[in-house]
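Undergrad: Listed below are the residues making up each chain.
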Amino acid sequence: MDLKVNDYTTDDGLTVITVEGEIDVYTAPKLREKLIDLVNKGKFHLLVDMEKVEFLDSTGLGVLVGGLKRVRAHDGSLELVCTQERILKIFRITGLTKVFGIHTSIAEAEEKRKDAK
Amino acid sequence: MAIVELAFSALPVHVRTARLIVTAVARRSGVEEALLDEVRLAVGEACSRAVEAHRRNCPDEPVHLELKGEGGRFEVTVTDAVPGEDIAGPGSRTGDRAEGSSGDLTAVGTPEDLAFALANGTVDLGLAVIEGLADDVEISASPKGVQIRMSWPATEAAAAT
Chain A
890 MDLKVNDYTT DDGLTVITVE GEIDVYTAPK LREKLIDLVN KGKFHLLVDM EKVEFLDSTG
950 LGVLVGGLKR VRAHDGSLEL VCTQERILKI FRITGLTKVF GIHTSIAEAE EKRKDAK
Chain B
54 MAIVELAFSA LPVHVRTARL IVTAVARRSG VEEALLDEVR LAVGEACSRA VEAHRRNCPD
114 EPVHLELKGE GGRFEVTVTD AVPGEDIAGP GSRTGDRAEG SSGDLTAVGT PEDLAFALAN
174 GTVDLGLAVI EGLADDVEIS ASPKGVQIRM SWPATEAAAA T
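Chains as they are written, first to last, in the numbering used here: chain A, 890 to 1006; chain B, 54 to 214.
No false leads were slipped in.
Among chain B residues calculated to face chain A with C-beta under 7 Å, some are:
id	residue
1	D90
2	E98
3	S101
4	L178
5	G179
6	V182
7	G185
Simulated coverage check for chain A against chain B, where a stretch passes if three residues somewhere in it have a Cβ under 8 Å from a Cβ of chain B:
id	stretch
8	910-917
9	935-949
10	953-959
11	980-988
Derived DEER-like restraints, expressed as beta-carbon distance ranges:
id	chain 1	residue 1	chain 2	residue 2	range
12	A	T993	B	V66	29 to 37 Å
13	A	E997	B	E58	42 to 50 Å
14	B	K197	A	I995	43 to 51 Å
15	B	I74	A	K1003	44 to 52 Å
16	A	T899	B	A60	42 to 50 Å
For the record, the hints were derived by calculation from the structure and aren't laboratory data.
Every residue, glycine too, gets a C-beta built ideally from N, C-alpha and C.
In isolation and in its complexed conformation, chain B is listed as follows:
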């Protein structure tokens, strides 16, 4: 099992650095080239979410990433340190995220409605993108913070070398 861990200050500029590192490790772990764009975007979204949450609540705390290649999967876990950060709308902080918590985008009619929904948090485009791109997603909240775990298929041979 190959593990890479990364911690970075909650600054928007570092999200790009995180994307670059994750893409490099994913490639090294045997993720197909065609999937690398999806890995980069989904992990970037998760990191952006965490950075925004930290900047509002605990700007001095770093965001943590763990990249793992094992069992034919490349797994990325993005962990923030904001227990109060709402990922699924008001009142839904604890426990596993409810199904469809990115909000029902198709139900949002006009751009005015969508802009309002984005502003008040009932629609989360970032989660929608993660859910749409990651092969497997698990979002959980604990008193320590929120974890977004995503994974994609990888060739075991590449991950082991």
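Extracted from the complex, chain A is given alone in its bound form:
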């Protein structure tokens, strides 16, 4: 299945990136390009919705880490929405749960963002 990547920006300035399909060595470049494109457009607060991601490997993790590095350079943020155990397991194995904020829903992420302001 090909990777589908779409985005929208909320009134609050949070850019939500919805990802659907398999993120692997073949498809990860598409997500990387999207993240780079958004940063180049001045979108520095990103939320990647991974609820429809069917597969994620280390190439995908590397792309997310690279995206986080890019937005941090602009005092931005890159957080995730994920409740799928098989995807969360990969973040736990690699210790990346300490690096990314991981939320159970877009609404929860938005709520926490408002609380932090």
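Got chain A; can you put chain B on it based on the hints?
TA: Quick look at chain B alone, frame taken from chain A:
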């Protein structure tokens, strides 16, 4: 003993095909459904590593997989043809891989540090995933290339039929 062998061109798109085949053979070999995701991911990581290594060094050489069901285990061996490919950091190519060669991920502080470590190869997320998922892993380097052998429990009855 049931053996399936597979060779594929070092193209990222074929890693998905390899994952599908390995998952099907693992299921057929009696690997529990709950473990199939782990098999798929770990083998995908090993294949991605091999593909990347081939693309840098010998793009025309195929990547080899051997899938074996015997003795209550399902074993997968991914073999590349890149003797110079570093799997454990600078200077650690020959012999068995040293313990913890995926890099100490917990020691990497900021995303900037982690991104740098990923870029220079001191941290290998792929190996970390393989080590975290495979029931048994053995990584060895020889003058012919690198072999990653992984195995999981399987029911012998299914493997024999």
